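Q: Sequence:
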Amino acid sequence: MSKSFQKIVFVGFGNVFNAILGFAFISASAKILDLESFGKYALLTTLLVAISKLIDFGTNSVYVARAISTEDKTLNNTFYTLKIILLTASIPVSMIILLIFRLTSLHLTLYFILGLIAYSINYTLAPIFQKLEKFTHWVLLNTLPALIKGTFAILMFTNLIALTLPQAFGVFSLSLFASVFLVFFVPKEYKEFKLNFSKIKTILKEAAPAGLSLLIYEGWPSISNAIAKIAKDFSNVGIFAIAEKITSILALASVSVFTVLLPKNAYRKKQKENYDFKEIFMISALILLSAFIGIFISKFFILRFLGDKFSDSIPLLGFLIFASAFTAIHNFMEHYFFIEAKTKYIMFLNVGKLALFLILSAILTPAYSLQGLAIANVIAALAALVATTLIISKHQKRRSVLEDNLILN
Numbered sequence: 001m002s003k004s005f006q007k008i009v010f011v012g013f014g015n016v017f018n019a020i021l022g023f024a025f026i027s028a029s030a031k032i033l034d035l036e037s038f039g040k041y042a043l044l045t046t047l048l049v050a051i052s053k054l055i056d057f058g059t060n061s062v063y064v065a066r067a068i069s070t071e072d073k074t075l076n077n078t079f080y081t082l083k084i085i086l087l088t089a090s091i092p093v094s095m096i097i098l099l100i101f102r103l104t105s106l107h108l109t110l111y112f113i114l115g116l117i118a119y120s121i122n123y124t125l126a127p128i129f130q131k132l133e134k135f136t137h138w139v140l141l142n143t144l145p146a147l148i149k150g151t152f153a154i155l156m157f158t159n160l161i162a163l164t165l166p167q168a169f170g171v172f173s174l175s176l177f178a179s180v181f182l183v184f185f186v187p188k189e190y191k192e193f194k195l196n197f198s199k200i201k202t203i204l205k206e207a208a209p210a211g212l213s214l215l216i217y218e219g220w221p222s223i224s225n226a227i228a229k230i231a232k233d234f235s236n237v238g239i240f241a242i243a244e245k246i247t248s249i250l251a252l253a254s255v256s257v258f259t260v261l262l263p264k265n266a267y268r269k270k271q272k273e274n275y276d277f278k279e280i281f282m283i284s285a286l287i288l289l290s291a292f293i294g295i296f297i298s299k300f301f302i303l304r305f306l307g308d309k310f311s312d313s314i315p316l317l318g319f320l321i322f323a324s325a326f327t328a329i330h331n332f333m334e335h336y337f338f339i340e341a342k343t344k345y346i347m348f349l350n351v352g353k354l355a356l357f358l359i360l361s362a363i364l365t366p367a368y369s370l371q372g373l374a375i376a377n378v379i380a381a382l383a384a385l386v387a388t389t390l391i392i393s394k395h396q397k398r399r400s401v402l403e404d405n406l407i408l409n
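Numbering (our numbering), first residue to last: 1 to 409.
Do not rely on the hints blindly, as some may be mistaken.
To be verified - Below 27 Å or equal to it, Euclidean Cα-Cα: the simulated DSSO-like pairs (lysine-lysine) are:
1. K134 to K7
2. K397 to K309
3. K134 to K83
4. K199 to K7
5. K342 to K397
6. K131 to K201
7. K31 to K232
8. K131 to K229
9. K83 to K232
10. K31 to K229
11. K229 to K73
12. K309 to K342
13. K194 to K205
14. K344 to K83
15. K131 to K342
16. K229 to K342
17. K394 to K201
18. K73 to K232
As the list claims (entries may be wrong) - With beta-carbon atoms standing in for the labels, derived distance ranges:
19. S198 to K397: 32 to 42 Å
20. L106 to M282: 46 to 56 Å
21. L358 to S198: 35 to 45 Å
22. I200 to S311: 27 to 37 Å
23. L160 to L288: 16 to 26 Å
24. T136 to I20: 33 to 43 Å
25. L106 to V386: 29 to 39 Å
Since the hints were derived computationally from the structure, they do not count as laboratory data. Keep in mind the model is a prediction, meaning the values are calculated, not measured. Cβ coordinates follow ideal geometry from the N, Cα and C atoms, glycine included.
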C-alpha cells in the first residue's frame, strides 16, 4: 500500500469517525426537537457552515500550494491578514441572511457569530497542518469538537438532558472552539505574525475561482434546505436535511483524498514529475461501491433510530447518496486544477453545476416536491463529474502534445 493511500485511509477514518459523532448529535436533535424546530436547526447549521467558507474562500488551498512550491517568506503574514479580512466580511453577510429567514433571536445570532469566529481559527490552523503533512493534528481539529457533540448526543439519547433549538445550535457552534487547543502544536515560526496587505489582491484573485466553487460546494446543503423551505415550510427542511446529512458522509471521501494528495502532487510538480491519476481511479471505484452499500445501511438507520417522523426521508436516500458519490469524485478530481494553476475551470464547473441544479429544481420541485429536489441533485452532480473528466482529459492531451513538441525541438 502506497504511503499516500495509507494517509488517505487514516484521514478518511478520522473524518468518518468525526462524522459519526456529528451525525449522532444531529440525530439526537432530530429525535428530541419537533419537526419544525429541527428544520430551523438544520437550516441554521448548514448556513453557518456555508457562510464560514467565506473565511476560507479558496485561500487555504492556494496557501498550501504556494507554501510548498515557492519560497515566499511573507506568505504566512499575508495568509493571517486574509483570514482577519474574510472573517470581518462574513459577519454582515450572515446577519443579512439570518434576517431573510427570520432566524434573528438574540441567542441564535450570538451563537452564529461565535461559530464564525471558531471556524476562522479552525480554517487558519488546518492548512498549516496540511502543508506540514501533520495529518493527525489536521484530523484532531474536527475530532475535538466532534467529541463534545458526541457526548451531548449520548446524554440526549439517554434522556439525561433535552435541548431546545437555541441550546442545540449553541452546542454545534461553541464546540468548534475546542480546536483552539491545537494552537500549542503549531511550530514557532507560524506563530509570529504581522499584518501584510501587499499581496492580498494577488492571492484573492488566484483563489477567487476556487473560493466561489467552495462556497457553492459547502453551501449546497443550505441551498437545498432553502429551496425546501421556500417550497413548503421548515418541516420540509427537516425531512430533506436528515436524508442529505446521512449521505454527506460520502463527501468526506473527497475531503480525505484532497487533504493528502494536494501536497503530494504539489511536490511532484515542483520536482517536474507527472501527475498521478492511478490513485484517483481506484478511489473513485471504492466510493461508488460504498454508495451501493450506503443505501441499505441508511434506510435501516432511519427506520430503526428515527422512526416514522422521518419516514418521508427514505425515498430520497438513493438519489442523494449517488449525488453525494458523484460530487465526492468530481470534487477531489478538481484538485488537479489547483496543481496546474487552472482554478478558473473549478469556477466554471461549479457555477455551471449550480445553474443546472437551480433550473432543474425550479422544474422538478413543484411537480415532485422533495423527490424532485433530490433528482435535481443527482443529475447536476453527474453532469459535473462528466464535465470535469472531459476537461481534465482534454487538458492532459494538450499538455502531452506541447511536451512532445518541446522534445522534438
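Q: Please go over all the hints and tell whether each is borne out by the structure.
A: Cross-check of the supplied hints:
no. : hint                     : in the structure
1   : K134 to K7               : 10 Å, holds
2   : K397 to K309             : 52 Å, violated
3   : K134 to K83              : 21 Å, holds
4   : K199 to K7               : 33 Å, violated
5   : K342 to K397             : 15 Å, holds
6   : K131 to K201             : 22 Å, holds
7   : K31 to K232              : 21 Å, holds
8   : K131 to K229             : 40 Å, violated
9   : K83 to K232              : 37 Å, violated
10  : K31 to K229              : 20 Å, holds
11  : K229 to K73              : 48 Å, violated
12  : K309 to K342             : 46 Å, violated
13  : K194 to K205             : 22 Å, holds
14  : K344 to K83              : 22 Å, holds
15  : K131 to K342             : 20 Å, holds
16  : K229 to K342             : 36 Å, violated
17  : K394 to K201             : 30 Å, violated
18  : K73 to K232              : 53 Å, violated
19  : S198 to K397: 32 to 42 Å : 39 Å, holds
20  : L106 to M282: 46 to 56 Å : 51 Å, holds
21  : L358 to S198: 35 to 45 Å : 38 Å, holds
22  : I200 to S311: 27 to 37 Å : 51 Å, violated
23  : L160 to L288: 16 to 26 Å : 41 Å, violated
24  : T136 to I20: 33 to 43 Å  : 18 Å, violated
25  : L106 to V386: 29 to 39 Å : 47 Å, violated
The structure is inconsistent with the numbered hints 2, 4, 8, 9, 11, 12, 16, 17, 18, 22, 23, 24, 25, although it conforms to all the rest.
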